[in-house]
Amino acid sequence: SAVISQKPSRDICQRGTSLTIQCQVDSQVTMMFWYRQQPGQSLTLIATANQGSEATYESGFVIDKFPISRPNLTFSTLTVSNMSPEDSSIYLCSVSSGSYNEQFFGPGTRLTVL
Amino acid sequence: KNQVEQSPQSLIILEGKNCTLQCNYTVSPFSNLRWYKQDTGRGPVSLTIMTFSENTKSNGRYTATLDADTKQSSLHITASQLSDSASYICVVIFSYAGNNRKLIWGLGTSLAVNP
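Quick note, the sequences are listed as chains A and B, same order. Numbering follows the numbering used here, with no gaps: position 2 of the first sequence is 2. Numbering follows the numbering used here, with no gaps: position 53 of the second sequence is 53.
All the pointers check out, no bait thrown in.
Straight-line C-alpha distance at most 30 Å; calculated DSBU-like pairs for lysine-lysine:
| id | chain 1 | residue 1 | chain 2 | residue 2 |
| --- | --- | --- | --- | --- |
| 1 | B | LYS37 | A | LYS7 |
| 2 | B | LYS102 | A | LYS7 |
| 3 | B | LYS102 | A | LYS65 |
| 4 | A | LYS65 | B | LYS1 |
Here are a few chain B residues that face chain A, going by a calculated C-beta distance under 7 Å:
| id | residue |
| --- | --- |
| 5 | GLY43 |
| 6 | SER46 |
| 7 | TRP105 |
| 8 | LEU107 |
| 9 | GLY108 |
Label pairs and their computed distance ranges (CB to CB):
| id | chain 1 | residue 1 | chain 2 | residue 2 | range |
| --- | --- | --- | --- | --- | --- |
| 10 | B | ARG61 | A | ARG110 | 25 to 31 Å |
| 11 | A | GLY98 | B | THR20 | 25 to 31 Å |
| 12 | A | CYS13 | B | THR51 | 38 to 44 Å |
| 13 | A | SER81 | B | GLN81 | 40 to 46 Å |
| 14 | A | SER27 | B | ASP39 | 21 to 27 Å |
| 15 | A | GLN38 | B | ASN100 | 24 to 30 Å |
Note that these hints are calculated values from the structure, not bench results. Just so it is clear, CB atoms sit at the ideal spot from N, CA and C, and this is done for glycine as well.
The following block holds chain A by itself, in its conformation from the complex (with noise of 0.2 Å):
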């Protein structure tokens, strides 16, 4: 199993400003995976890390808005930028790893956008 932190664990941000959200992990992992889950809703990736190149977005986001860096095999940012209320939403990082892709998950960040 891997171990994930993230750092905020939450987070109260004012309408136009920018958040960088940390996940770190405890072993090297090669994909590292940033999820968003807005309240009642499930799971919805919003983007795969992998290190050394850039991130890959699935449909309806955006570079410009998700930035997102990978620099090392146990490290990455997500940043949360130009920030709305509609971006209120917990923030999961997470990896896979195992025989059958397991995934592992951070304990989110809780973000609030006035």
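Dock chain B against chain A, hints included.
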């Protein structure tokens, strides 16, 4: 369209009782199916992973079943405890274009176990 539907949407049971949560999917081609438990304010934690050939798999008081023909899965919780109060999410994985995989997430069943 690849979809995962879960029922019921929410459930309230008394401590010590059993319950069964349902998951129906239309995902194809099927790779595997997973049940996750998500406590409030926490990330999801995997309970079981089931492949096409597996009909049932247990993890402590949790037992998952899979019928790949009818594309249905269930999660049975035995002798429920207060700590079982959480959202239970069914996720179906399908493979495409070689080694690519995509996860289709259900909306989850919110379970409340009352004393």
